[in-house]
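Quick mapping for you: the protein sequence lines, in order, are chains A and B.
Numbering follows the numbering used here, with no gaps: position 381 of the first sequence is 889.
Numbering follows the numbering used here, with no gaps: position 286 of the second sequence is 420.
Hints are supplied without guarantee of correctness; some may be wrong.
Claimed, not checked - In silico DMTMM-like pairs for lysine to aspartate or glutamate, Cα to Cα no more than 25 Å straight-line: (1) A/K860 to B/D424; (2) A/K860 to B/D496; (3) A/K828 to A/E798.
As the list claims (entries may be wrong) - Calculated from the model, a selection of chain B residues having no Cβ within reach of chain A, i.e. all distances over 10 Å: (4) S206; (5) M240; (6) P246; (7) A256; (8) E310; (9) N313; (10) D378; (11) C403; (12) V416; (13) V454; (14) N510; (15) L549.
None of these hints come from the bench; they were simulated from the model.
Virtual Cβ for every residue (Gly too), placed ideally from N, Cα, C.
Take a look at the letters that make up each chain.
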Amino acid sequence: MRSMLSLSIVSMGSFCSRQQPLNEVDAEENIQAAEIDRRIAQETKAEQHIHKLLLLGAGESGKSTIFKQIRLLFQTGFDEVELKSYASVIHANVYQTIKILYDGAKELAQNDPSSSKYVVCTENKDIGEKLSEIGSKMDYPYLTKEIAKEITTLWNDPAIQETYSHGNKLQVPDCAQYFMENLERFSEATYVPTKEDVLHARVRTTGVVEIQFSPVGESRKSGEVYRLYDVGGQRNERRKWIHLFEGVTSVIFCAAISEYDQLLFEDETKNRMMETKELFEWVLKQSCFEKSSFMLFLNKFDIFEKKIQKVPLNVCEWFKDYQPVGSGRQEVEHAYEFVKKKYEELYFQNSKPDRVDRAFKIYRTTVLDQKLIKKTFKLVDETLRRRNLIEAGLL
Amino acid sequence: MPQYEQHASWRLEGGGQIIDPETAVKGGILGGGGGGGGLPTGKDGSLVVAAEKIDLRKMIEELDSEAEDVPSVFICPISLEPMVDPVTLITGQTYERANILKWFSMGHLTCPTTMQELWDDAVTPNRTLYQLISAWFSQRYLQMKKRSEDVQGRAAELIQTLKKAKGQVRVQALKELHNIVISHAPVNKSVVDIAGVTHLSSLLGPFTSHAVGSEVIAILVNLTLDSDTKSNLMQPAKISLVVDLLNEGTIDTKINCTKLIEMLMAERCFRSEVVSSLSLLVALLRLVKDKRHPNGVAAGLTLLKDIGSHAQVRSLMVSVGAVPQLVELLSNPKWELKFIEPALQILDDLSTTPEGLSALKDCPQAIRTAVRLLMNGSDVCTHHALSILWAVCKLAFDECASLAVEAGLGAKLLLLRSGCNPEMKQRAAELLKLCSRNYSPTVFSSKCKLTRTIQ
């Protein structure tokens with residue numbers, strides 16, 4: 509009996525000693541959990557002060573260029589390594605462009621057998637075929653001086669020039685001329701792209717990219733913090749992921765007004781402006797943007813200015829009731845005001861009466877112009893800050 | 135009477151001091167001291183000749199707004215105005231010559247203030263008093279002129295600063311200019327000259343920041359703008375900026391924007407395209423909806439009323455929901471006439487369009503509100519309410535007429551039919567006939583019981 513008692517006493521003792529380590533573990537876990545909770549709370553609070561901006565728009569409307577501009581203006585810009593990495597992109601763009609032009613010339617010549625304006629000179633035909641062949645591959649060779657010279661010769665061919673001026677029916681990128689004019693520089697062995705080259709470079713955005721920045725600059729802490737999201741513009745299952753952006757401070761919708769006579773990349777039967785119109789309507793109706801301000805960037809004004817002199821607005825179905833007033837500067841302004849009114853109409857038609865309170869502003873932009881983007885962004889910043897103050901009841 | 139020369143003040147025996155006008159005024163005996171310079175005096179102490187030549191009457195007129203502290207001895211007891219030709223009676227009382235002569239011509243031969251009978255109606259010009267009055271007003275006049283030049287000089291300086299300044303400096307200069315204009319504009323609308331105004335309006339553009347834009351507009355609404363400036367301001371880019379400010383600004387900025395647009399609308403070359411902007415109309419409706427700021431509501435209604443007078447813009451107004459909003463505004467029984475009248479007029483104008491009529495028909499409160507306001511107290515209200523009811527009942531007779539009658543229209547129309555305005559009488563009679571179509575005479579007259587109208 510004594511042995512059993514002692515056994516139980518001993519086991520009791522060991523019970524007690526086992527409790528202590530358990531308490532310690534618990535306490536530690538509690539501390540860690542509390543720490544994690546505190547950090548989550550802190551970060552959530554910090555998140556709330558970050559204004560989220562979402563760039564939306566059809567393909568090639570200029571979203572990614574704005575993205576690059578913001579990097580150049582408010583962050584450290586592009587470093588040497590990154591600039592160098594764009595060299596291959598630019599070369600690829602050059603090959604793609606010349607291929608589109610050459611193939612386009614052949615297509616237009618086929619459609620119009622009577623005329624010979626799209627027929628490339630016999631000397632240049634070989635160059636054309638070779639370049640078209642290169643352009644269709646996945647990997648492009650480095651742009652050497654010789655190839656650059658050949659491309660220049662082909663570019664100067666009247667048939668190619670004629671094709672370029674009718675570029676709206678093909679998928680010629682807007683910066684074709686910029687690329688062709690700078691071929692010599694691009695083909696240097698030691699070529700490092702400039703900031704402007706990078707702004708013109710064309711890479712289709714896939715997925716989502718984001719940057720965080722503060723307009724006042726890193727040094728002053730009093731600036732607002734913005735996070736800018738750029739999503740790809742081509743048609744894909746937008747409706748599946750758009751709700752992930754619920755509650756963004758502001759939607760920056762980019763519409764390239766110069767594309768009223770161009771066709772979509774994904775669907776060559778559809779007019780680009782009509783696609784943009786439909787996209788804008790769709791975005792306006794989304795309930796996740798009920799409280800977001802809408803900033804509409806009517807982009808590519810520089811190209812619009814030149815095009816309006818040659819191609820009337822009525823070629824686009826949406827603008828079929830446009831009446832031109834004259835020519836020159838006055839006509840450009842009049843046409844621009846017309847397009848602006850159409851977008852305004854679209855906005856109010858698609859905003860429910862209770863949403864009329866959200867901010868809606870239209871900006872005229874040329875996203876390749878850094879100064880202009882800086883000025884525009886200052887205004888956007890001012891608007892969003894005032895909005896904040898009004899909502900907080902301070903104004 | 136022999137003229138006496140003016141000397142510097144000299145003593146009489148007995149300790150009295152003979153005062154000459156300048157010293158009296160300068161020394162503050164008559165309260166003539168005060169800020170700024172004194173009278174400009176020549177070497178011999180006499181008043182500068184030019185100052186004397188300025189017509190006293192003209193000076194008094196120009197100083198009218200500022201002369202609250204005119205010494206009482208300068209005031210004619212009859213007209214209570216400063217005297218320009220003081221004459222003294224044998225009783226020793228002084229009056230304005232024209233006034234006392236008029237008093238005599240009415241047959242009175244008494245001194246108006248002492249009521250004493252006069253045995254002699256001689257009036258003696260009181261030269262001393264005249265000199266004092268003249269000196270006092272001259273001093274004030276010259277001070278005012280100098281201040282005004284100062285102000286114009288300061289304004290010109292600020293405009294020069296604005297030509298070069300950026301950022302905060304620019305905003306500060308604009309704020310100061312704004313203050314100057316506010317304090318002087320009622321008197322002098324050309325505080326800022328033409329070149330200055332041109333520069334100010336050039337500051338408005340697509341890239342103008344809110345701070346700059348709101349100050350510039352606040353300044354411009356207080357000045358008279360010439361035709362060129364106004365046409366310049368009607369450019370689409372500038373109007374867009376004004377509309378943006380109207381959407382986002384403080385209540386004062388919003389009111390200034392409405393005033394500016396009103397000024398532009400008064401211009402001859404104004405075209406309705408300038409205000410055919412959905413954003414503008416939405417902004418105005420938002421302003422009108424904001425009950426916390428009644429002066430904003432008033433400003434918004436005034437501008438909407440002016441815009442509504444242009445037929446081309448009416449369908450745009452209907453498309454942004456003006457009708458239900460205005461009806462809602464009118465349904466508040468506490469609003470004063472100054473809000474009700476413009477709102478009714480706008481609805482009346484909108485009812486001339488098919489879209490407007492259909493919106494009125496669809497708005498459930500519209501008819502009841504119109505009937506209630508039919509005899510609200512002003513002819514204007516009655517005219518517009520009657521016009522609206524007539525239009526709506528004609529269009530959708532079945533739906534609307536019975537609603538109106540149920541709301542007590544019948545009795546009110548009977549009252550109007552026996553009123554004085556012939557046009558209203560006729561309208562009322564027509565409407566009465568229209569509404570009574572669906573009812574038998576007995577039923578209808580029961581619906582027209584007078585008791586219904588007393589609310």
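Evaluated hints:
Under the criterion of a C-alpha separation no larger than 25 Å, the hint pairing A/K860 with B/D424 is consistent with the structure, at around 19 Å. Taken as a hint, the A/K860 and B/D496 pair is honoured in the structure, with Cα atoms around 18 Å apart against an allowance of 25 Å. Between the alpha carbons of A/K828 and A/E798 the distance comes to roughly 31 Å, so the proposed pair goes past 25 Å and is violated. Residue-level check passed: B/S206 sits 50 Å from the nearest beta carbon of chain A, beyond 10 Å.
Here B/M240 stays apart from chain A, with its beta-carbon at least about 64 Å from theirs, past the 10 Å limit. The beta carbon of B/P246 is kept farther than 10 Å from every beta carbon of chain A, the shortest such distance being approximately 60 Å. The Cβ of B/A256 sits about 71 Å from the closest Cβ of chain A, beyond the 10 Å cut-off, so the non-interface label holds. Every C-beta of chain A lies more than 10 Å from that of B/E310, the closest at about 22 Å, which supports listing it as non-interface.
No beta-carbon of chain A is positioned within 10 Å of the beta-carbon of B/N313; the least distance is around 21 Å. Once the 10 Å rule is applied to beta carbons, B/D378 is inconsistent with being away from chain A; the minimum gap is 6 Å. Remark: the non-interface label on B/C403 is consistent with the geometry, its nearest Cβ contact in chain A lying 16 Å away (cut-off 10 Å). Non-interface call for B/V416 relative to chain A: violated, since the shortest CB-CB distance, roughly 6 Å, does not exceed 10 Å.
Residue-level check failed: B/V454 sits 6 Å from the nearest beta carbon of chain A, not beyond 10 Å. The claim that B/N510 is not at the interface with chain A holds, since no C-beta of that chain comes within 10 Å of its own (minimum 28 Å). Every CB of chain A is more than 10 Å from the CB of B/L549 (nearest about 38 Å), matching its label as outside the interface.
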